[in-house]
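Trainee: Work out the full structure: start from the sequences and follow the hints.
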Amino acid sequence: EAGVAQSPRYKIIEKRQSVAFWCNPISGHATLYWYQQILGQGPKLLIQFQNNGVVDDSQLPKDRFSAERLKGVDSTLKIQPAKLEDSAVYLCASSRQGLGNSPLHFGNGTRLTVT
Amino acid sequence: EDKVVQSPLSLVVHEGDTVTLNCSYEVTNFRSLLWYKQEKKAPTFLFMLTSSGIEKKSGRLSSILDKKELFSILNITATQTGDSAVYLCAVINAGNNRKLIWGLGTSLAVNP
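As you go down the protein sequences, you meet chains A and B in turn.
For the first sequence, this note's numbering begins at 1 and goes up steadily by one.
For the second sequence, this note's numbering begins at 1 and goes up steadily by one.
What the hints contain is simulated information worked out from the structure, not anything from laboratory work.
Every residue, glycine too, gets a C-beta built ideally from N, C-alpha and C.
What you were told as hints is all true, and nothing was included just to trick you.
Capping the alpha-carbon separation at 30 Å, the derived lysine-lysine pairs in DSSO-like fashion look like this: (1) B/Lys56 to B/Lys40; (2) B/Lys99 to A/Lys11; (3) B/Lys3 to A/Lys44; (4) B/Lys3 to B/Lys67; (5) B/Lys99 to B/Lys41; (6) B/Lys37 to A/Lys78; (7) B/Lys41 to A/Lys44; (8) A/Lys15 to A/Lys83; (9) A/Lys44 to B/Lys56; (10) B/Lys67 to B/Lys57; (11) A/Lys62 to B/Lys41.
Label-pair restraints from in silico Cβ distances: (12) B/Asn96 to A/Gly72: 19 to 27 Å; (13) B/His14 to A/Lys78: 42 to 50 Å; (14) A/Gly3 to B/Glu55: 25 to 33 Å; (15) A/Thr113 to B/Ile54: 40 to 48 Å; (16) A/Ile38 to B/Gly95: 25 to 33 Å; (17) A/Gly40 to B/Thr44: 12 to 20 Å; (18) A/Ile38 to B/Asn29: 25 to 33 Å; (19) A/Lys78 to B/Ile54: 36 to 44 Å; (20) A/Gln59 to B/Asn29: 13 to 21 Å.
Covered stretches of chain B (chain A as the covering partner; in silico rule of three or more C-beta atoms under 8 Å from a C-beta of chain A): (21) 28-34; (22) 82-92.
Mentor: Here you go:
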């Protein structure tokens, strides 16, 4: 089966600019996650969707980050305005069922550099 | 506070060696534990463990969970240079507010 698709692979922007990332999960996977991974650390959950509803966005910096999954399939994550500390790899993952019932499968990520 | 601790933080071995990576956890209401391999891209799923004492095996990799002593090990036999990566352990708590708690990973370097 095709894996989780993400784009772009790399993005370089200046601080205060905006950026958007796109994710297409594995077909049939109801749950979609966005993670932020800073070098040397484990992934940090930003938001979790179950179909098109938000399950957990407690660690999403809502003043600058937003995410949507309008039709329960693809998702976009936006940062506006970006800060230097947003430089990280943004990982999208999906699972067939909810957390704990089936493993997460990750996309290749988007490496964001904010200068 | 829930936490996952992996050891060692880094490891350097020669091809052909066998390695054992450790993951210990303190999590309220444990549900399952996952192992991932991360090279220069996204984590790749290896194993999901929910029951104690049942070994999961895939080729040269195997893993087992001990829910009494709250740890898991990941074994890699006859290591190859392609096994060089960061190995991440994550634990999922049970209940309505499930979360995935990640360790910092073990960085494995396999030299020829």
